[in-house]
Amino acid sequence: SVNVITCTRVSENAIEQAANKVLHLLCNLLAIPVGAIYLQAEKSIYQRVTTHGLARSNQSEISFETGVGLLGQCVKSNQAIVLSPVPSGLTIISTGLAEFSPHELIIYPVPHKNEVLAVIELAATQSLTTNQHELLIAVSDALGLHFANLQAAEHNAQLLQETKAQAAKLSASSHYARSLIEASLDPLVTISIDGMIMDVNGATEKVTGVRREELIGSDFCQYFTDPEDASRGYQQVFAQGFVTDYPLAL
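Every letter in the sequence shown is one number past the one before it in our numbering, and letter 110, counting from 1, is 1152.
Hints may contain errors.
Stated by the list, open to error - Here are the computed lysine-lysine pairs in the DSSO-like style, where the Cα-Cα straight-line distance is at most 27 Å:
1. K1063 x K1155
2. K1248 x K1211
3. K1155 x K1211
4. K1118 x K1063
5. K1085 x K1063
6. K1155 x K1085
Treat the hints as calculated values from the structure; they're not laboratory data.
Work the whole structure out from these sequences, hints included.
Encoded structure:
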């Protein structure tokens, strides 16, 4: 049973979709009429991401804090909580399930290392057997590792999208800079602080007789009759921000 749930979960590409699939399989396997899974949204806040068997969406809490209510106590202790039988007159108080009077209430943490990533909450019409609880323990432990992997994958995907967006902005900025350089009829060269050519315009190619691809990455000073004088000139630009009346011969 654990293998079936694991294989189904791995095929999902989002943690909330995986949680939804696992909950429905688990409830069907154990004949559980009502259940819910909560995922860690922030450091001490858990958000309900999927339910099974609820007639209305407002029948359960959508979030809880660590240490608050039965769900919060489960996270704080990192231990399962089982109420069996559920005390008479108890309306599932702060468990996240309402308007339902189960015989047994089962709350299992989904741990990974020293952190609880999720909580599984089930409301059964009869007491679960020892074997069924052993299954829940095994599923919870397996889910902890795979939920962590899915969270890491989603985080990496988000970073990739941000990187692509930044690359697109840099490309647009580079294209704009190129258009400014090419707009000039005079030779223009951009150089690094160590005197290496970073970019040139078409006019520079015509004057030097060297293609842009060959100019980029080469020494700026080597194209002048007095390389040392050219070196002093560009260093003065970096030091003072500008230079005037400084003739150089190619």
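| Keeping to a limit of 27 Å between CA atoms, is the pair of K1085 and K1063 held or broken? | holds (25 Å)
| K1155 and K1085: Cα distance at most 27 Å? | holds (15 Å)
| Given hint K1211 paired with K1155 - CA-CA distance at most 27 Å | violated (39 Å)
| Given the proposed pairing of K1063 with K1155, does the C-alpha separation stay at or below 27 Å? | holds (24 Å)
| field | Proposed proximity, K1063 with K1118 (alpha carbon, max 27 Å) | value | Holds, at about 26 Å.
| query | Are K1248 and K1211 close enough, with their CA atoms no more than 27 Å apart? | reply | Not satisfied, since the Cα-Cα distance of roughly 31 Å exceeds 27 Å.
In this structure, the hints that do not hold are numbers 2 and 3, in rising order.
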